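Use these hints to put chains D, Y and G onto chain X, whose structure you have.
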Amino acid sequence: MNPVNYLYLAALLFTIGAAGVLIRRNAIVIFMCVELMLNACNLAFVTFARLHGNLDGQIIAFFTMVVAAAEVVVGLAIIVTIFRSRHSASVDDAGLLKL
Amino acid sequence: MAFPLLTLTAAVPALGAVATAAVPAGRRTAAKWLALAFSLATLALAAVQLVRFDPDAKGPFQLTESHAWIADFGVRYELGVDGIAVVLIALAALLIPFIMLAGWHDADPQESGSSRWRPTQGFFALILMVEAMVVISFEATDVFLFYIFFEAMLIPMYFLIGGFGDGAAGQGDAGAAAQRSYAAVKFLLYNLVGGLIMLAAVIGLYAVTADQLGTGTFSLQEIVQARAAGKLDIATTTERALFLGFFFAFAVKAPLWPLHTWLPNAMGEATAPVAVLITAVVDKVGTFAMLRFCLQLFPEASKWATPVIVVLALISILYGALLAVGQRDIKRLVAYASISHFGFIVLGIFAMTSQGQSGATLYMVNHGVSTAALMLVAGFLISRRGSRLIADYGGVQKVAPVLAGTFLVGGLATLSLPGLAPFVSEFLVLVGTFSRYPAAGIVATLGIVLAALYVLVLYQRTMTGPVKEEVRGMPDLRARELAVVAPLIALLLFLGVYPKPVTEILDPAVRHTMSQVHQADPKPDVNDVEAAK
Amino acid sequence: MENLIGLLVLAPLLGAGVLLCGGRRLDRSGPWLGTLLAAVSFALGVVLFADMLGKGGEERALDVTVFPWVPVGGFRADVGFHLDQLSMTFVLLITGVGSLIHLYSVGYMAHDERKRRFFGYLNLFLAAMLLLVLADNYLLLYVGWEGVGLASYLLIGFWQHKPSAATAAKKAFLVNRVGDMGLSIAIMLLFTTFGTFAFDPVLQRATDAGEGKLTAVALMLLLAACGKSAQVPLQSWLGDAMEGPTPVSALIHAATMVTAGVYLITRSGAVFDAAPDAQTAVVTVGAVTLLFGAIVGCAKDDIKKALAGSTMSQIGYMILAAGLGPVGYVFAIMHLVTHGFFKAGLFLGAGSVMHGMNDEVDMRRYGGLRRYMPVTFVTFGLGYLAIIGFPGLSGFFSKDKIIEAAFAKGGAEGWILGGAALLGAAITAYYMTRVMLLTFFGEKRWQPDAKGELPHPHESPRTMTIPMVVLAFGSVFAGGLFSINDTFLKWLEPVTGHEEGHSPVSALTVTAATMVVLVIGVAIAWAQYGRRPVPVTAPRGSLLTRAARRDLLQDDFNHVVLVRGGEHLTRSLVYVDHTLVDGVVNGTAASVGGLSGRMRKLQNGYARSYAVSMFGGAAVLIAATLLMRAV
Amino acid sequence: MSHAASVHSLWTMSADAPQKIPAPHIEYAQLSPTLIVLGAAVLGILVEAFLPRRSRHPVQLLLTCVALAAAFAAVVALAAGGYGTGKAHAAAMGAVAVDGPALFLQGTILLVSLVAVFTFAERRLDPAAHGRPVDSFAAQGAAVPGGRAEQDAVRAGFTTTEVFPLLLFAVGGMLVFPAADDLLTLFVALEVFSLPLYVLCALARRKRLLSQESAVKYFLLGAFSSAFLLFGVALLYGYAGTVTYSGIADVVGGNVRMLDPVLAGTTGNDALLLIGGALVLMGLLFKVGAVPFHMWTPDVYQGAPTPVTGFMAAATKVAGFGALLRLLYVVLPGLRWDWRPVMWGVAIVTMLVGAIVAVTQTDVKRLLAYSSIAHAGFILAGVVATSPDGVSSVLFYLGAYSFVTLGAFSVVTLVRDAGGEATHLSKWAGLGRRSPLTAATFAVFLLAFAGIPLTSGFAGKFAVFKAAAQGGAGPLVIVGVVSSAIAAFFYVRVIVLMFFSEPKEDGPTVAVPSPLTSSAIAIGVAVTLVLGVAPQYFLDLAGQAGVFVR
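Residue numbers (full-length UniProt numbering), protein chains in the order written: chain X, 1 to 99; chain D, 1 to 533; chain Y, 1 to 631; chain G, 1 to 550.
If we strip away everything but chain X, and leave its shape as in the complex, we get:
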């Protein structure tokens, strides 16, 4: 099967993730969409690694996962704090800072 299709899949996932970020209100969900985008990138990486026949892509994928994990830690921490103080995880409620 042509590996290029994996690229299309990656692009698709990435777009879905991005769309999710734009559409969803809940901070957690938005964050998950971001994760989805990162994983789309991972897929692209490994595919290209496969195409080019070098391991860089696959290694990068690992790095990405680690970074994503780190992001989760920080992100969830922040989201939880604001949830506790606002009793809502909707990003649209957080609108004090504007103009």
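Honestly, the hints are just simulated from the structure, not real lab data.
Hints are supplied without guarantee of correctness; some may be wrong.
To be verified - Lysine to any residue pairs mimicking SDA-like chemistry, simulated, CA-CA at most 20 Å apart:
| hint | chain 1 | residue 1 | chain 2 | residue 2 |
| --- | --- | --- | --- | --- |
| 1 | D | Lys468 | D | Leu408 |
| 2 | G | Lys207 | X | Gly95 |
| 3 | Y | Lys451 | Y | Asp112 |
| 4 | Y | Lys213 | D | Arg384 |
| 5 | D | Lys523 | Y | Arg205 |
| 6 | G | Lys207 | G | Gly507 |
| 7 | G | Lys504 | G | Pro436 |
| 8 | D | Lys398 | Y | Met109 |
| 9 | D | Lys523 | Y | Gly195 |
| 10 | D | Lys398 | D | Gly419 |
| 11 | D | Lys523 | Y | Gly74 |
| 12 | G | Lys207 | X | Arg84 |
| 13 | G | Lys207 | G | Asn269 |
| 14 | D | Lys500 | Y | Lys451 |
| 15 | D | Lys398 | Y | Arg25 |
| 16 | G | Lys207 | G | Pro436 |
| 17 | Y | Lys162 | D | Ile390 |
| 18 | D | Lys303 | D | Gln516 |
| 19 | X | Lys98 | Y | Gly74 |
| 20 | G | Lys504 | G | Thr386 |
| 21 | G | Lys504 | G | Ala429 |
| 22 | Y | Lys213 | D | Leu408 |
| 23 | D | Lys523 | Y | Asp112 |
| 24 | D | Lys398 | Y | Leu20 |
| 25 | D | Lys500 | D | Pro4 |
| 26 | D | Lys303 | D | Ala228 |
| 27 | D | Lys468 | Y | His161 |
| 28 | X | Lys98 | G | Asp152 |
Keep in mind it's a predicted model, so treat the numbers as computed, not measured.
For chains D, Y and G alone, coordinates are given in the frame of chain X:
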């Protein structure tokens, strides 16, 4: 390495500013005297310059200093004076002490505010700061160096205008403050915009020189020589664009119609001494820069732009005069009168005749002195009655004859009465203009009628007629005030009767400028007697 | 000798300086000091005169260059004096009459607390006037020219607390400025044409320049003359100038300053001779003014205004004569001198009358004063006879000559001018007789003044009468002296040149005609004011009379066109400046602010909308990059 | 079929790859600045873990300062050692470049952070009711605002000393960011300095809701953008088959030794390159706050604790622009004609939007945020000059700008009222009367922002515009001038407010800071004036540092 006289002349007032600002709040009077002392020291240095300056020496600039400064920008710390600069420096240095004396009590804090707030120190320090920057921008022969101080000057001026009012704005204190800061902001923004447009031109100039000479330079002489040697050849359109960039800034400063509207506000709201500082000292930098930079850097473009500029100058002359007639506010009236006079100066500069340019340069000096005289007396008047409105006065000459007399002399100088200094310069400008553009000359002559109109109307409404109630019991000029006005009037008379000492210094510089622009005076139709015989 | 010329000017200038800056301590001595200095310069004048008489006709001129004034490039103006017969004549007239009037003023202004300043101004005037007539180039002349303008401004407005006075002063200065504009343009033209504006080179080489240029110069000079000498169309200020103290009217607005225009034209004779069209303009102005002034003079009830009208008209004669070229110059100056005597005398007389009538000026409230102030009456009477040209008195000789010269112009022009001059003579006789009758004859028509007390006229003090007497002598004999074997003509000829006019009518006929019209004029006046009693309040009068009372509506014209129009112009300009010029800038500022306000709304605080903008931005970025590659 | 075969051959080929991987060789000395900082950060964590609460603050402060100073010393040493010029090369197997720009930027970042630490450590601003001096960070980040836990924490006088290690981690990332010589390092560095910043934003002591909100926004948008960046990296990798800058540059430049069929296939497809490049660019533009990726800036700047804002505004910009420069000058010079017009556009809108929107701002911190956007635009003008002059001008501008910003925000921390910092402009009315000195210093910073001569702002602006003009970007200069004019308007407005309007009764008080903040401000003023009056030396530095290693 010669003695850095020019640097010193600029440094002394700068130091004075710092010293004055550092005087503790309690010692107000000490600060005043300190500032005055520094300004007098500067005056002395300016006098030394005049003495050391040799009108007949070769070369455009004298007392030159030159040090590396910002190589990356092609900027050198280059100072030098020609006849025009040295005279204008003397003028500035001469006026500052009078300005200080006149404003001796202007900055005394009404209420004893927090101990850290020291308006008086600030006032005098700022004046000295302005003086320092004006002096160095007269001395700078490096475009960038000039530009820096041309711009930096705005800040202290801005604080002087906005920070200290004559408390005669008509409405309440808050309203006055609002008007003041409006005027200050207007002043700053107009000049900043002008300066920024000039900045674009300055950068363009650098790009051109860097492109053609290998290393970019801002040295006036280098550029002029390079052009003369054909090493530097600026494309016509580029030269015009650059010229416009420079001219715009100077036209705002000068101020030339239609970029003038900041001046009436600024002069109206500022205290009289500061108003004098604006129009008699700071604005001169604009017209001076037209002569030194516009004409010498971009001779061709200058010639190209001349018709338009002459028209603008004419408009300024008539428009300023007519608006002066229409004013209700003494200081605004003087401001518009100044606009009219600046029209004459610009006209003289761009008439491109030796009479015109000598007249214009002489005009800068005379206008400085005459406006100072008129405006300062007006300030004394206003400080007595607490109002700027002409309608609030009447019959002053009955109660305060000396004040009225000096006011009249100042006014007569403003309408350039023969025998007083401005007449000579104005007539030179007119002749110079007439000999190249007769029509323009005649139109400009209308200005002298209008000048008579606004001055005499002002004098009649304020000084003559039955004595108004509020005016009754108004004290006549005090010793300090007389000490300010008398010398100025004496100077007006002297320069009116015997301007030779000044013109002798100015002439070579003017001739040099003329040669830079490749312009010769038009010849008279009937050649002189010898040739006839 | 040369240095004396400088002193001549310097003495009164010094006086002015001392008196104006001297302060209160000079209040008492001031008047005498001023008078003394005037006398000094008169003495100097006499000395120079004597010296000049000692020389032959040609080498009488003295030239002194005191110091270079404005040396700039090709442009050089010197402070230099040129004393020839012409200027000598003026020097004597100015300093002579001037000293007398100083003396007169000592009495007249005795009760004014600001008399020190008054004498300061008078001295200033003398200095400026002397500078005017002694200058050896046009620019320096211009200085004197405006100097006398300033002095007249200060003196007309001397009683500044009276708004009318202040206004009159301002008006005088402004109208003069219009004339001065002409002078300065003339100077510019001279400079561009000859490369100089000193008398000698210009006048010697006048003919080298094109006639067009010369005509332009001449017309500009004429404009200047009109301003200073109150000729139509710039005459409107003279009437109002009577607001000034009477000695001022006598000295400045009768004897000396107002004649400066005549001096200017005579001095620039060479230019005018080379520009016939300009000369036509000059004579026209002269003729019109002499009639205009005369008519105005007939209608005025204010004694000084009546005399002012007469001054206008007399100067009209001089201008007319000067316009005739070499034929007329001498007579113009001669009439100028005689007029200086009798008109000054008349004004002093008027002043003396007002002095006695608590400053009443309306002649209809005078009457029968000859018994109360005999000296005034006699001197005034002599002046009267002189001005109407009574045979044997000064006016007779000078005016007669001018009328002849006018006819001598020849052709229709000659007839018109001559006719105008004759008519003028008739009207002069009429209005002067009127003045005479209203003032000194008839029954008393005195009215209580503002304070409600009736005037009790009395003769004026010695200081005032002496000058009047002296001037009366002048007005009686001057003309005769001048005319005996053409002394005056011979005296001036080297400067102005002279040629006999060939009149179509013989001199005798002219004289006869003059006599006739004179009698007619006097007769009519007698018929109107001599025989029947004069109403205290002026009758409505004919249309012409009413117009004449208002200076033939000239002022109304000025008011409507210039003043109102000017006010509207300035007001609209102020509006424009505020709304348009300023508005544009403020408008841009405001629009930026508005834009900012709208763009601010995009920052709506919703994280997701920020994300949208990022996403869109990314899309644009990509699209743009691809596009760049595509093109 | 043949395709499948090639794929198979690839598979087999890479099967026996592992033993071919060489052991990495790391030049620790040359990476020492980063290592020192990160090491200190780790130490800091241990301090938090083991030292009693009382002694943490001084220790942390000391540790951080020492670490930063030492790192700076290391940078200077490296520069002196010629790594900035002659010996410049890519260290750590081409992962991190050690060259002029890198060292210059690292030096700047370290100095800025050092000054920022002073403001972090300031404890005299909030005269606390319970007698213990407190800094501007939350007593307990996790506690609910106004909740029981927080009150206890406040009463107990807790302070979040973790901010120091966090700062150090961020600095560590920033040090690597502009030096990163392959896209992976770039990405990792980005995250390393972003994540601590997210946390720091959430830690304000006052106005905690705003603070947390800003953190959330920053975090979500940051993550979002980094995802884009990562995808861009992926595409570039796909295009070039490598992520090292030099490698990609070679491929773009078309000078690769052996061109295997697959590479030929992908390199043939420019879309990968262009889109990838664009996405990476976007990631960086987000960090420097360029329009249209700027919208997080005002909110985050306003919400975050002011010391953090100052640190972000200064250091992040430096790091971000450093990375941007390297990317554009090393990786994509071959594509200059593609990205230059785009960057032109970005620069123009950034300058204009920043300046225009700032005009109507009413909050000092937001105002400064927008002004920082406008300045990003100015710097971009220098970036697109694509000449060594351009690089050095940008470096100079960054140095000048970061100190001005830091100083300005430090002043903001001083003006306080009951609710903490009084950032609303109306509160600043008449400040010049109350405390002339503070107002004057702030005025100096504003004037520097406005680019008035004799301040560093002018020198920097002139440098970038000059470079742009010489690079043939005249129109950019015009736009820059126009937007500076607009910008001048609102800077002046603040000055008017401070000096010419009457002070209000309920106006804020100006806290008297400890030497820490004072010195931070003093340094800011000094640098502003020195760089304004005698910039030549620093211009030389930047000039020498103007060349990237490849």
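Taking the hints in turn, this is what the structure says about them:
Under the criterion of a C-alpha separation no larger than 20 Å, the hint pairing D/Lys468 with D/Leu408 is consistent with the structure, at around 19 Å. Annotation: proposed proximity of G/Lys207 to X/Gly95 holds, straight-line Cα distance about 14 Å (limit 20 Å). Using a Cα cut-off of 20 Å, the hinted pair Y/Lys451 and Y/Asp112 holds, with the two alpha carbons roughly 18 Å apart. For the given pair, Y/Lys213 sits about 54 Å from D/Arg384 by alpha-carbon distance, which is inconsistent with the 20 Å threshold.
Straight-line distance between C-alpha atoms of D/Lys523 and Y/Arg205 comes to about 16 Å, which keeps the hinted pair within the 20 Å bound. Proposed proximity of G/Lys207 and G/Gly507 is supported: the alpha carbons are some 19 Å apart, at most 20 Å. A distance of roughly 15 Å separates the Cα atoms of G/Lys504 and G/Pro436; the hinted pair therefore holds under the 20 Å criterion. With a C-alpha separation of about 18 Å, the suggested pairing of D/Lys398 with Y/Met109 holds against the 20 Å cut-off.
Restraint check: the Cα-Cα separation between D/Lys523 and Y/Gly195 comes to about 8 Å, which is no more than 20 Å; the hinted pair holds. Taking the CA atoms of D/Lys398 and D/Gly419, the gap is about 26 Å. The hint is violated against a cut of 20 Å. Pair hint D/Lys523 plus Y/Gly74 holds up; C-alpha atoms about 10 Å apart against a cutoff of 20 Å. Distance hint between G/Lys207 and X/Arg84 is fulfilled; the C-alpha atoms sit about 15 Å from each other, no more than 20 Å.
Distance check on the hinted pair: G/Lys207 and G/Asn269 sit about 51 Å apart at the alpha-carbon level, beyond 20 Å; violated. Taken as a hint, the D/Lys500 and Y/Lys451 pair is broken in the structure, with Cα atoms around 57 Å apart against an allowance of 20 Å. Proposed proximity of D/Lys398 and Y/Arg25 is supported: the alpha carbons are some 18 Å apart, at most 20 Å. Proposed proximity of G/Lys207 and G/Pro436 is contradicted: the alpha carbons are some 28 Å apart, above 20 Å.
For the hint linking Y/Lys162 to D/Ile390, the alpha-carbon distance of about 18 Å falls within 20 Å, and the restraint holds. A threshold of 20 Å between alpha carbons decides the hint, and for D/Lys303 with D/Gln516 the separation of about 12 Å falls inside it, so the pair holds. Taken as a hint, the X/Lys98 and Y/Gly74 pair is broken in the structure, with Cα atoms around 71 Å apart against an allowance of 20 Å. The straight-line distance between the Cα atoms of G/Lys504 and G/Thr386 is roughly 50 Å, outside the 20 Å bound, and the hint therefore fails.
A threshold of 20 Å between alpha carbons decides the hint, and for G/Lys504 with G/Ala429 the separation of about 7 Å falls inside it, so the pair holds. With a C-alpha separation of about 38 Å, the suggested pairing of Y/Lys213 with D/Leu408 is violated against the 20 Å cut-off. Using a Cα cut-off of 20 Å, the hinted pair D/Lys523 and Y/Asp112 is violated, with the two alpha carbons roughly 56 Å apart. At roughly 15 Å between alpha-carbon atoms, D/Lys398 and Y/Leu20 fall within 20 Å of each other, so this suggested pair holds.
This hinted pair does not check out: D/Lys500 and D/Pro4 have alpha carbons roughly 29 Å apart, beyond 20 Å. At roughly 17 Å between alpha-carbon atoms, D/Lys303 and D/Ala228 fall within 20 Å of each other, so this suggested pair holds. Restraint check: the Cα-Cα separation between D/Lys468 and Y/His161 comes to about 11 Å, which is no more than 20 Å; the hinted pair holds. Restraint check: the Cα-Cα separation between X/Lys98 and G/Asp152 comes to about 32 Å, which exceeds 20 Å; the hinted pair is violated.
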